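Enquirer: Dock chains V and X against chain B, hints included.
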Amino acid sequence: MSDAAAVHGHGLADEATKRDFLKLVTGGAAAIGTVAFAWPLIDSMHPARDALSSVEPDFSPFVCGAGVTVMWQGKPVFVRHHTKQEIKAAQGAPLARLIDPQADSARAEPDRAQWIVLAGIGTHLGCVPPGCKAAGLRGDRGGWCCPCHGSQYDTSGRVRHGPAPANLAVPPYAFDTDTKIKIG
Amino acid sequence: MRAVASYVAAALLLGSMAAVPGQAQEAPTPPHQEWSWQGLFGTYNLADAQRGFQVYKDVCSTCHSMNDLHYRDLAGIGLSEDQIKAIAASVTVPQGLDDQGNPKDGPGQPASMFRAPFANPEAAKAALKVAPPDLSNIINAREGGPDYVYAILNGFSNPPPDFKLAEGSNYNEYFPGHQIAMPQPLHGGDVTFADGAPNSISAEAHDVVTFLAWAADPNMVQRKQIGWRVVLFLVVMAGLTYAVKRKVWSDVEH
Amino acid sequence: MAGQLHDSDFKNPVVQWIDTRLPIFTMMQKEYMVFPTPKNFNYFWNFGAMAVVTLVIMIVTGILLAMNYQPNTELAFDSVQHIMRDVNYGWMLRYIHQNGASMFFIVTYIHIFRGLYYGSYKKPRELLWMIGVLILLLMMATAFMGYVLPWGQMSYWGATVITNLFSAFPVVGHGIVTWLWGGFSVANPTLNRFFALHYLLPFVLVAVVGLHVAALHVTGSNNPLGIDVKSPQDTVPFHPYYTAKDSIGLCVFLLVWAIFVFFYPHALSDPNNSIPANPLQTPDDIVPEWYFLPFYAILRSIPNKLAGVCLMFGSILVLFVLPWLDTSPVRSARFRPIYRKVIFVLVLAVVGLGICGAHKPEGIWVPLSRICAVYYYLHFLVILPLLGKLERPLPLPESISKAVLRRGGGPLPQAATAKPMEKA
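Residue numbers (the numbering used here), protein chains in the order written: chain B, 1 to 184; chain V, 1 to 254; chain X, 1 to 424.
Here chain B stands alone, though its shape is the one from the complex:
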């Protein structure tokens, strides 16, 4: 009797494990399926295809020392053409004295050093610092000056005077020709 019970008990245990394994596989598959279904739903909230487009301003009619602001991804991008003095000042700035040290060669293309392309969003609280128009507020360093809390950026867009903690960001860009830039 006890032998039969033992065999019976052992059989039941086997059955139970088989059932559990099946349930585990089924439950696991269902979980994977749910996650796989959820991913496209979440991805649908990422920027749509029309938000990802690039902008290609043409700068042939450009005046030396002038700048322009274009919109890209709904935000301003500064493009400025520097004079020789401005290039020298930007390249010569002592890195040790910078709040956010970064060489000019890391920010402007070395063989096109007269061009600087910057995201026009202040790194303190996000205001747009004017300074592209020749007659605008350019601050002590000849770059950009933010009227909100007085941050100052140099011609390379590096922060020289706070409260901003970081340099103006450089967006992805590439030169199509000498006078055409593709931003984004």
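Hints were generated in silico from the structure; no laboratory data involved.
Quick caveat: nothing in here was measured; it's all calculated off a predicted structure.
Beta carbons: idealized from backbone N, C-alpha and C, even for Gly.
Treat the hints with care, as some may be off.
[Claimed, not checked] In the DSSO-like style, the derived pairs of lysine-lysine whose C-alpha atoms are separated by at most 27 Å in a straight line are:
| hint | chain 1 | residue 1 | chain 2 | residue 2 |
| --- | --- | --- | --- | --- |
| 1 | B | Lys23 | V | Lys247 |
| 2 | X | Lys11 | X | Lys30 |
| 3 | V | Lys57 | V | Lys129 |
| 4 | X | Lys30 | B | Lys23 |
| 5 | X | Lys360 | X | Lys305 |
| 6 | B | Lys75 | V | Lys104 |
[Claimed, not checked] DEER-style ranges, computed between Cβ atoms:
| hint | chain 1 | residue 1 | chain 2 | residue 2 | range |
| --- | --- | --- | --- | --- | --- |
| 7 | X | Val56 | B | Gly28 | 19 to 29 Å |
| 8 | V | Leu232 | X | Leu394 | 41 to 51 Å |
| 9 | V | Gln83 | X | Gly210 | 55 to 65 Å |
| 10 | X | Leu127 | B | Ala38 | 32 to 42 Å |
| 11 | B | Ala38 | X | Lys11 | 28 to 38 Å |
| 12 | V | Pro198 | B | Pro76 | 43 to 53 Å |
| 13 | X | His174 | B | Gly184 | 53 to 63 Å |
| 14 | X | Leu348 | V | Leu232 | 31 to 41 Å |
| 15 | X | Ile59 | V | Gln225 | 21 to 31 Å |
[Claimed, not checked] Chain V residues, not near chain X, derived (Cβ > 12 Å throughout):
| hint | residue |
| --- | --- |
| 16 | Thr29 |
| 17 | Ser80 |
| 18 | Lys85 |
| 19 | Thr192 |
Expert: Quick look at chains V and X alone, frame taken from chain B:
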């Protein structure tokens, strides 16, 4: 169970009936054509679609807009970024406002909407008496879909002797009522294809219908690919859940 | 007494902490795990669960669509195109939602058929049934308004035809229609408010479905034999028996839905709705979606506008009073040989109405829709009350567990035939 089957059959029958409307004016049913994208494994023939885009650009776009398409979408029929940029740059499209606040034009960009021949439907109607429909979704918007559009493009002819053709209308065998406002758009040889493909009316019509089908449903290939995976997964899951159910119920009389 | 915590049985300390303050785990355990459920359900009993899952998926896809949809007549059609072409997986969201409406009605109609066949509307489940009819009405309102949102030709003209119906009511009719429109035709105010209401009603539906399930849990479920549960031998705990069984139905259901979404997304839709709405051009044939066709046919079967409107709404209202129209003491059609045939004819009549609704009201479709509409009302108002009195039902089994043991065996023993019939 039989009741279920009959109910399901009824539901499907109802569904098929719902797709039957609008046979109001007489026109023969367009003949069935074989299209590369039909069926569970179909894809768009990209060469056909590219030639079709050329037909649209050179012939149809004189009157028909495709406002839901942007030049960047043409990557979906296999055009390269450079080709797209060139195509876009070759047209003049609205480019927002100038410094004075007036609307200005400029060369197209990949992000630009397809150039519309008329600024709005009123301008189209003023020029052509009837505003030509936008073609972005035309394949979905007509009973018979691609077969219908193909039949229309090939269906122009002289009216039968006793037919009263109204002023400004053209006789078309497959248009409901036979009187279509559009004059025959394709005559054969309207476009010369770089790959030397035939450019008879039916060849051009076939290619432009392929392009229009893609335009109306650009995500079709991805949709079917995902579809196979989903169907396979659910078939497996149905099998697994059935096995679990059998196991769970094995100790109950039912 | 204030400040008294709920007495919770759970071991896990986090679960216990929550449960003593808000006994949701106790509730889930009681209502969805140990809940005694008749053990003889067939697959017809899956459809309620399928409907709930459909509602959840429709709400999720609907909210994501609403993030991109623009409820303005100038922008609506283009916003849907934007979803289809530019939003990541937007086409999938749209097709799931669009075909989901059809799936929701398929599932609900089968669920209702189950109720009719097995007498689930009879005492003590009358209120459960009435709440269900309310759910059907809410679904129909939601679906109607949702169809207007893409602002295609059929959206616009369907909205125009159906809202115009209300002008049939004497004296207040035209006032009601102007109030519904928010203007003097279906236009931007109408579209905007339909969007607001289409977003709202599904949540009202969730609440009413909650009441529906609560009412069900008071009486317990019906079963294919239509006889009451007599003892625990007649039941099994809901989990794992019916969670396992429901998941099979769910997989098959999702499979059917997926086949529509990924391979035949346009099978149930009208080409006219791919044309932007044009108030100056009426399509040849204004047809609603397939799930409204039987009602549409009833509406058009009578030349008189007011009569048509009343008969159309009446066809649903008559369902509310069904528990009192059917006089039979026996619940399940399994034991009602005549009713079983009669209900099949009703299904034919409804399908017939649907086919009529898809055609223009001319030729044979007119008399056919009238015959089917008359039969529909005849079934509920004449046949059911009389049949209950005149029909001789088959003898009912003693209990569910006895019937289940006997299944596959021989005929009923003599003793069972002699037993008095089960009162509903």
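Enquirer: Each hint: holds or not?
Expert: Each hint tested on the structure:
1. The hinted pair formed by B:Lys23 and V:Lys247 meets the criterion: a straight-line CA distance of about 9 Å does not exceed 27 Å.
2. The suggested pairing of X:Lys11 with X:Lys30 holds, with an alpha-carbon distance near 16 Å, which does not exceed 27 Å.
3. For the hint pairing V:Lys57 with V:Lys129, the CA-to-CA distance comes to about 22 Å; that is within 27 Å, so the pair holds.
4. Taking the CA atoms of X:Lys30 and B:Lys23, the gap is about 22 Å. The hint holds against a cut of 27 Å.
5. Our distance criterion of 27 Å between C-alpha atoms is met by X:Lys360 and X:Lys305, whose separation comes to about 16 Å.
6. Of the supplied pair hints, the one linking B:Lys75 and V:Lys104 holds, its CA atoms being roughly 22 Å apart against a limit of 27 Å.
7. Between X:Val56 and B:Gly28 the CB atoms are about 22 Å apart, so this pair conforms to the stated range of 19 to 29 Å.
8. In this structure, V:Leu232 and X:Leu394 meet the distance hint of 41 to 51 Å, their C-beta atoms being roughly 45 Å apart.
9. At about 57 Å, the CB distance of V:Gln83 to X:Gly210 agrees with the hint of 55 to 65 Å.
10. The hinted window of 32 to 42 Å between X:Leu127 and B:Ala38 holds, with their beta carbons roughly 37 Å apart.
11. As the Cβ distance of B:Ala38 to X:Lys11 is approximately 31 Å, the hint placing it in 28 to 38 Å holds.
12. Between V:Pro198 and B:Pro76 the Cβ separation comes to about 52 Å, which falls inside the hinted range of 43 to 53 Å.
13. Evaluation of the 53 to 63 Å hint for X:His174 and B:Gly184 yields a pass: the beta carbon distance comes to about 55 Å.
14. Our hint of 31 to 41 Å for X:Leu348 and V:Leu232 holds, since their Cβ atoms are close to 37 Å apart.
15. Take X:Ile59 and V:Gln225: their Cβ atoms lie about 27 Å apart, and the range 21 to 31 Å holds.
16. No beta-carbon of chain X is positioned within 12 Å of the beta-carbon of V:Thr29; the least distance is around 14 Å.
17. Annotated as non-interface, V:Ser80 keeps its C-beta farther than 12 Å from every C-beta of chain X; the closest such distance is 20 Å.
18. Consistency note on V:Lys85: stated as away from chain X, and its beta-carbon is indeed over 12 Å from all of that chain's, at 19 Å minimum.
19. In this structure V:Thr192 is separated from chain X by more than 12 Å, as the shortest Cβ-Cβ distance comes to about 31 Å.
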